[in-house]
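Number of protein chains: 2
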Amino acid sequence: MQQVGFIGLGIMGKPMAMNLLHAGYPLHVYTRQEKTEQLFREAGATIYASPKELASHVDIIITIVPATTDVEDILLGKNGIIHTAKPGTIVIDMSTISAASTKRMAERLKQKHIDMLDAPVSGGEKGAIDGSLSIMVGGDETVLKTVQPVFNVLGKRVVHIGNSGAGQTAKACNQIIIAETIIAISEAILLAKAAGVDPAKVREALLGGYAASRVLEVHGQRILDHDYQPGFKASLHRKDLHLAIEQAHMLKLDLPAATHAMHCLDRLVLKGHGELDSAAMHLLTENPSE
Amino acid sequence: MQQVGFIGLGIMGKPMAMNLLHAGYPLHVYTRQEKTEQLFREAGATIYASPKELASHVDIIITIVPATTDVEDILLGKNGIIHTAKPGTIVIDMSTISAASTKRMAERLKQKHIDMLDAPVSGGEKGAIDGSLSIMVGGDETVLKTVQPVFNVLGKRVVHIGNSGAGQTAKACNQIIIAETIIAISEAILLAKAAGVDPAKVREALLGGYAASRVLEVHGQRILDHDYQPGFKASLHRKDLHLAIEQAHMLKLDLPAATHAMHCLDRLVLKGHGELDSAAMHLLTENPSE
Chain A
1 MQQVGFIGLG IMGKPMAMNL LHAGYPLHVY TRQEKTEQLF REAGATIYAS
51 PKELASHVDI IITIVPATTD VEDILLGKNG IIHTAKPGTI VIDMSTISAA
101 STKRMAERLK QKHIDMLDAP VSGGEKGAID GSLSIMVGGD ETVLKTVQPV
151 FNVLGKRVVH IGNSGAGQTA KACNQIIIAE TIIAISEAIL LAKAAGVDPA
201 KVREALLGGY AASRVLEVHG QRILDHDYQP GFKASLHRKD LHLAIEQAHM
251 LKLDLPAATH AMHCLDRLVL KGHGELDSAA MHLLTENPSE
Chain B
1 MQQVGFIGLG IMGKPMAMNL LHAGYPLHVY TRQEKTEQLF REAGATIYAS
51 PKELASHVDI IITIVPATTD VEDILLGKNG IIHTAKPGTI VIDMSTISAA
101 STKRMAERLK QKHIDMLDAP VSGGEKGAID GSLSIMVGGD ETVLKTVQPV
151 FNVLGKRVVH IGNSGAGQTA KACNQIIIAE TIIAISEAIL LAKAAGVDPA
201 KVREALLGGY AASRVLEVHG QRILDHDYQP GFKASLHRKD LHLAIEQAHM
251 LKLDLPAATH AMHCLDRLVL KGHGELDSAA MHLLTENPSE
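Heads up: the protein sequence lines correspond to chains A and B, in order.
Residue numbering for the first sequence is 1 to 290, as defined by the working numbering.
Residue numbering for the second sequence is 1 to 290, as defined by the working numbering.
Pulled out of the complex, with its shape left as it was, chain A reads as follows:
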């Protein structure tokens, strides 16, 4: 069986890594959290003091961390995997980061005969726990086939989108659509409420027609319940929208509705609501002057 390294044992990474352990994969981890280290040691994983130390022991290295610079550190930094990983090692970066940086990192690693896939996910913590994530993969398709069994443990729908960076582009599309759809639902709910109409009835009726969406189902319910426990934190959604708009600008594109969504997420985070679910954008819809 392939030896799997896992770096980034956060809200998403922890259940994903546990699912791999339970599926029988020998797991090798690096984490700066002592509690997490203990949890994985007890579960049977091997612990390392740095990505560099971990890398020579594995066939596959999965990373899922917050920012582009985190991935750069883990892969190319002083203690990065590039210094020790065997030729033929496959890096699977499941973080949501810059598509352009992803391409550059993949090229750097390729010079050392290390393959890299970008494989960001959709489906949230629940999808990570259930192993039902949707995985958007960029990079070489034959490399993808080599690690397909690992993806099958983590997710339900695995789509090869295209070359290196294509997975990140798909994820940017995903985050744009979700943010704009939340705003759409939010405005509709505000209109219903202001007109004295029960928004729960409206949601119920609309789920039967062309306005139906997972966002209307899930985030719509959150807005109705005023329950903004994440879910997916506004601060992370904001980061993702900034990545998408940055990519759009590099491509000289104008995406007015996505830019509006980014500004809403900016305002929400600046008001101190970054830890709430991004459905909390409804707070701004309700109080535009705030």
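Incorrect hints may have been included.
When chains are identical, the list treats them as one kind, so a pair holds in a single copy or across two.
What the hints assert, rightly or not - Capping the alpha-carbon separation at 30 Å, the derived lysine-lysine pairs in BS3-like fashion look like this:
#, residue 1, residue 2
1, Lys201, Lys233
2, Lys193, Lys233
3, Lys193, Lys145
4, Lys201, Lys126
5, Lys52, Lys110
6, Lys233, Lys103
7, Lys252, Lys193
It should be emphasised that the hints constitute simulated quantities derived from the structure, not laboratory data.
Note that the coordinates shown come from a computational prediction; the quantities given were computed from them, not determined experimentally.
Please arrange chain B on chain A, whose structure you already have, making use of the hints.
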């Protein structure tokens, strides 16, 4: 069996009326189109020269016409049903029109002991043909129960939203959400294309996650195919967004994303694309300077 009058035998009304005939309802129609008149005469309907002449012969009058003023003419005009309809007659207006005007008309009719439901639909021509419309009903719930069998012929999901006008408010919410979601999908597809990524793959992957929606499914495919045959005409969608924003302004609400969607539909229609499906908003996303 209830005698049913039907006024407004257009793209939506014609198949809906035919479904009622096939379900065994004695049908009474008024239309200004000679060809449509002949079609319904041959199918077994009784033909009248005006709404006023029709009204005294029926228990239920269904209207589904383009504009608020059309409904006002049919119900309250010189040749309107108000002059002849029996007490206890039920008017079901399935048009998409102003919620405020709906309330006023319902009050006027009530003085003559005529009940009115607003019951706009979602699901398009296909839903009208298949009898699978989603129907959003405003008005008295006991009146709704009286006509439930008629709704069961026309639609699959019938939701009583609230008092008079509530159905129209729900429809406004529906149209806002669809328009904004089309824009979201449109921007995402543009980003994918510009980044050199196959947007069909992106759509496929995203349908498995939180970005999934009927709009991504249906309108997304239209955008990928550059196939803007309606579907639902941009000119009608524009009219509906104007109704929604007008209602929002009356309620002193700011709905920036819906307002942006309205402006997009305005520009699309002004460019002469009003007969295309509203997914053609993608043409503006592609060429924002146009």
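Tested hints:
{"no.": "1", "hint": "Lys201 <-> Lys233", "result": "both (27 Å within a copy, 27 Å between copies)"}
{"no.": "2", "hint": "Lys193 <-> Lys233", "result": "both (25 Å within a copy, 28 Å between copies)"}
{"no.": "3", "hint": "Lys193 <-> Lys145", "result": "between (50 Å within a copy, 25 Å between copies)"}
{"no.": "4", "hint": "Lys201 <-> Lys126", "result": "both (27 Å within a copy, 24 Å between copies)"}
{"no.": "5", "hint": "Lys52 <-> Lys110", "result": "within (17 Å within a copy, 79 Å between copies)"}
{"no.": "6", "hint": "Lys233 <-> Lys103", "result": "within (27 Å within a copy, 41 Å between copies)"}
{"no.": "7", "hint": "Lys252 <-> Lys193", "result": "between (39 Å within a copy, 12 Å between copies)"}
When the structure is compared with the earlier hints, no violation turns up for any of them.
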